[in-house]
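J.: Chain A is already provided as a structure; the job is to place chain B on it using the hints.
Chains A and B are the protein sequences, given in the same order. The first sequence begins at 54 in this note's numbering and counts up by one. The second sequence begins at 54 in this note's numbering and counts up by one.
Misleading hints may appear alongside valid ones.
Repeated chains share a single entry, so a pair holds when one copy, or any two copies, can fit it.
[As the list claims (entries may be wrong)] With a straight-line cut-off of 20 Å between C-alpha atoms, the simulated DMTMM-like cross-links for lysine to aspartate or glutamate are:
1) Lys160 <-> Asp144
2) Lys199 <-> Asp117
3) Lys160 <-> Asp150
4) Lys112 <-> Glu202
5) Lys199 <-> Asp166
6) Lys112 <-> Asp128
7) Lys133 <-> Asp117
8) Lys199 <-> Asp170
9) Lys112 <-> Asp203
10) Lys112 <-> Asp150
11) Lys199 <-> Asp180
12) Lys199 <-> Asp114
13) Lys112 <-> Asp170
14) Lys133 <-> Asp114
15) Lys133 <-> Asp170
16) Lys160 <-> Asp203
None of these hints come from the bench; they were simulated from the model.
Here are the chains, one letter per residue:
Protein chains: 2
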Amino acid sequence: MELFEEQGFEKTSAVQIAQRARVTTRTFFRYFPDKEEVLLADADADAVKETLVQHLLQKPDVTDTLQAVTRTLADFDWEKLGPRQILRQRDAMIASDPRLLERELIKQQQLTDALRDVLCRRGTAPDIAELAANTGSQVFRTAYRKWLEDNNDGDLTTITENVMSLLAAIMARGPVPATAARLP
Amino acid sequence: MELFEEQGFEKTSAVQIAQRARVTTRTFFRYFPDKEEVLLADADADAVKETLVQHLLQKPDVTDTLQAVTRTLADFDWEKLGPRQILRQRDAMIASDPRLLERELIKQQQLTDALRDVLCRRGTAPDIAELAANTGSQVFRTAYRKWLEDNNDGDLTTITENVMSLLAAIMARGPVPATAARLP
Numbered sequence: 054m055e056l057f058e059e060q061g062f063e064k065t066s067a068v069q070i071a072q073r074a075r076v077t078t079r080t081f082f083r084y085f086p087d088k089e090e091v092l093l094a095d096a097d098a099d100a101v102k103e104t105l106v107q108h109l110l111q112k113p114d115v116t117d118t119l120q121a122v123t124r125t126l127a128d129f130d131w132e133k134l135g136p137r138q139i140l141r142q143r144d145a146m147i148a149s150d151p152r153l154l155e156r157e158l159i160k161q162q163q164l165t166d167a168l169r170d171v172l173c174r175r176g177t178a179p180d181i182a183e184l185a186a187n188t189g190s191q192v193f194r195t196a197y198r199k200w201l202e203d204n205n206d207g208d209l210t211t212i213t214e215n216v217m218s219l220l221a222a223i224m225a226r227g228p229v230p231a232t233a234a235r236l237p
Numbered sequence: 054m055e056l057f058e059e060q061g062f063e064k065t066s067a068v069q070i071a072q073r074a075r076v077t078t079r080t081f082f083r084y085f086p087d088k089e090e091v092l093l094a095d096a097d098a099d100a101v102k103e104t105l106v107q108h109l110l111q112k113p114d115v116t117d118t119l120q121a122v123t124r125t126l127a128d129f130d131w132e133k134l135g136p137r138q139i140l141r142q143r144d145a146m147i148a149s150d151p152r153l154l155e156r157e158l159i160k161q162q163q164l165t166d167a168l169r170d171v172l173c174r175r176g177t178a179p180d181i182a183e184l185a186a187n188t189g190s191q192v193f194r195t196a197y198r199k200w201l202e203d204n205n206d207g208d209l210t211t212i213t214e215n216v217m218s219l220l221a222a223i224m225a226r227g228p229v230p231a232t233a234a235r236l237p
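Okay, chain A solo, but in the shape it has when bound:
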């Protein structure tokens, strides 16, 4: 992605991409049929963000902020971006390369910030919007990785709800005040 920006898509070869990502050319082609596949992931990121933003904007009710964020993320048809097997390989390739991981983390943060902004536009207090967007995204990402690993065609919405329940269970172990606290 970085190479495409630096020298343009046409002038960038799969061999160069593989070198930049510090993997062998053979490894690269094992993961991606061609360089277009890698570019697609980046070009799609903005489109995915816009779709998710619109989805959250049009939700009838966002008063349950955390649920609104996780459902928005979980209900998206991620397999539109490619079969789960390819998504899994892409995820593994990104995780194994610091440069790709940096890019991925900033894209995730931009998506989270966009969802936070939607919650604010829909009347959520800024503190709550930030916490719901950040925590919801984290819950979803845990579910998404579970879903990628899952070989039984598990449903992403169900897995996300399970992760939410797990978080509730973890939180219940600590002292949780009955009254809603507000940030100072």
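T.: This is chain B only, laid out in the frame that chain A set:
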């Protein structure tokens, strides 16, 4: 930080750093007294991570995983890294520059992963360790930003507990099953 790695610390000037970060030299010196200040942040990251890992390793009890993570992060003396005013400026500079932000996000993820690994070593199930480390880090980061903004010398541990309470309140709005769910 990247420049230091590429060409060594001695050969890198503040002007070059400012150019790479796409800010004017004047802006750079408004934020940092000299280039050593920027390097310090990066060199310190590993030391901070190691201190936090040791703290979590030596905690008498980590069965309340989320609390163990947030307390470990909140109890650290962040002002050891510099007065709050400098930390705030550093945070603003990082947030305003995509390259610095990428670096910061990957460092945060590495810290989160290290804390997750400690929880696993101390007997926490991998799913719970990952969720507790990720969510706990997110809760702490929200608190840390609040703390940076706070001009009244608010206590980071208290702010973090307030964010935890806020998260509990947000979660209570959704359907939270009474029984602890496990990830598939």
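J.: Work down the list of hints and note, for each, if the structure agrees.
T.: Right, here's what the structure says about each hint:
no., hint, verdict
1, Lys160 <-> Asp144, "both (14 Å within a copy, 19 Å between copies)"
2, Lys199 <-> Asp117, "neither (24 Å within a copy, 23 Å between copies)"
3, Lys160 <-> Asp150, "both (15 Å within a copy, 14 Å between copies)"
4, Lys112 <-> Glu202, "neither (29 Å within a copy, 32 Å between copies)"
5, Lys199 <-> Asp166, "between (23 Å within a copy, 17 Å between copies)"
6, Lys112 <-> Asp128, "within (12 Å within a copy, 39 Å between copies)"
7, Lys133 <-> Asp117, "neither (27 Å within a copy, 39 Å between copies)"
8, Lys199 <-> Asp170, "between (27 Å within a copy, 18 Å between copies)"
9, Lys112 <-> Asp203, "neither (29 Å within a copy, 34 Å between copies)"
10, Lys112 <-> Asp150, "neither (36 Å within a copy, 33 Å between copies)"
11, Lys199 <-> Asp180, "between (29 Å within a copy, 9 Å between copies)"
12, Lys199 <-> Asp114, "neither (28 Å within a copy, 28 Å between copies)"
13, Lys112 <-> Asp170, "within (14 Å within a copy, 38 Å between copies)"
14, Lys133 <-> Asp114, "neither (26 Å within a copy, 44 Å between copies)"
15, Lys133 <-> Asp170, "neither (25 Å within a copy, 33 Å between copies)"
16, Lys160 <-> Asp203, "neither (24 Å within a copy, 28 Å between copies)"
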